[in-house]
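For the sequence shown, the positions run 51 to 326 when our numbering is used.
Calculated from the structure, these hints are not laboratory results. No residue lacks a Cβ here, since even glycine has one placed at the ideal position from N, Cα and C. Incorrect hints may appear among the rest.
Said to hold, decoys possible - Just the calculated beta-carbon pair ranges, DEER-fashion:
no.	residue 1	residue 2	range
1	107	76	37 to 45 Å
2	145	189	20 to 28 Å
3	104	78	22 to 30 Å
4	107	272	34 to 42 Å
5	104	65	32 to 40 Å
6	79	277	19 to 27 Å
7	206	79	19 to 27 Å
8	101	252	18 to 26 Å
9	160	101	20 to 28 Å
10	221	125	35 to 43 Å
11	110	76	32 to 40 Å
12	206	318	33 to 41 Å
To be verified - For lysine-lysine, the following DSBU-like pairs were computed, each having C-alpha atoms within a straight-line distance of at most 35 Å:
no.	residue 1	residue 2
13	112	186
14	68	205
15	205	101
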Amino acid sequence: MHREQIAALIVERLRSLKRDAASQFQLPGRIQSAVIDELLPQPLAYEVAAKFPPSSAMREQKSIREHKFTAKGLSAFAGIIEEATFAFQDPRVVALVHDITGISEMRGDPNLYAGGISLMQQGHFLLPHLDNSHDKDRQLYRVLNLLYYVTPDWKQEAGGNLELWDNGPEGAPREIASFFNRLVLMVTHECSWHSVNRVRALGGRACISNYYFSQHPVAAHGYFHVTTFRARPEQSRSVPMMLRADAAARKAVRTVFRKGIYRPEIYPHAPSKRTH
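From just these sequences and the hints, can you work out the full model?
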């Protein structure tokens, strides 16, 4: 199935739930977000899950900040993975997501600079953080995160769930379970602290991620920050100091070298349409 067909199914589901999703997204006093369950027909969702690549085919990211496997070279995997990922960048999907969120002039990211696929296994985590504020060239603001979870029968008690820190990283998070066939829309700006709690179960929590960008920030003013991490409230005192120093160093580099000093990992732009 090609991305245009998958996008049509996404549009159909989002359109049927548009009013509810918009109401969720506009709730006051919290990081703007919405949850859409049963996004794709179950047979298609199960196909995506069955073709998701193993960790051995992905890049491990392991540090004090995070532990997970990621990949952007999607053409190396089963075609359905690439097609499902880019379906979220279809103009019809973007337009409908605009109707839900009210965020203007959004566009997908063909480079997958911040997107792609990820797999988190037992013990993996992602500390509270703010996403990098811009695209790889610092021309556009990152404004919306779309997370599509594809692990069948995933339970909330298994961990690996999204946490939104509505009152900042010193507060308490709001947990959104990473249930199978669930899409989460989440705003990204200078206050949208979020994390993934530690995976407690065997197996792996799989996710397809997309970001939308815009020439305009979600906030009423411009800003710039690199991906910035904070410690969890229960962590030792040394962790916050290390994370603040890390963020300051990386921001200094990006301030002097606007595009950074390392070549970012991006989608390699292999041929995009394949038969399956």
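Comparing the hints with the structure gives:
1. Residue 107 and residue 76 have their C-beta atoms about 40 Å apart, which keeps the hinted 37 to 45 Å range intact.
2. One distance hint, 20 to 28 Å for the beta-carbon pair residue 145 and residue 189, holds here, with the actual separation near 22 Å.
3. For the pair residue 104 and residue 78, the supplied restraint of 22 to 30 Å is violated, since their beta-carbon distance comes to about 42 Å.
4. As the Cβ distance of residue 107 to residue 272 is approximately 39 Å, the hint placing it in 34 to 42 Å holds.
5. Range check, residue 104 to residue 65: Cβ separation about 35 Å, and the 32 to 40 Å hint holds.
6. About 25 Å separates the C-beta atoms of residue 79 and residue 277, a value consistent with the hinted range of 19 to 27 Å.
7. Between residue 206 and residue 79 the CB atoms are about 23 Å apart, so this pair conforms to the stated range of 19 to 27 Å.
8. Checked against the given bound of 18 to 26 Å, the beta carbons of residue 101 and residue 252, roughly 20 Å apart, stay inside it.
9. Look at residue 160 against residue 101: about 22 Å separates their beta carbons, and that is inside 20 to 28 Å.
10. Between residue 221 and residue 125 the C-beta distance comes to about 41 Å, which sits within the given range of 35 to 43 Å.
11. Under the hint 32 to 40 Å, the C-beta atoms of residue 110 and residue 76, about 38 Å apart, fit the expected range.
12. Checking the proposed 33 to 41 Å range against residue 206 and residue 318 shows it holds: the Cβ atoms sit about 35 Å from each other.
13. At most 35 Å may separate the alpha-carbon atoms for a hinted pair to count; residue 112 and residue 186 meet this at roughly 22 Å.
14. For the suggested pair residue 68 and residue 205, the alpha carbons sit about 26 Å apart, so the restraint of at most 35 Å is met.
15. A threshold of 35 Å between alpha carbons decides the hint, and for residue 205 with residue 101 the separation of about 20 Å falls inside it, so the pair holds.
Going down the numbered hints, you'll see the structure goes against just number 3.
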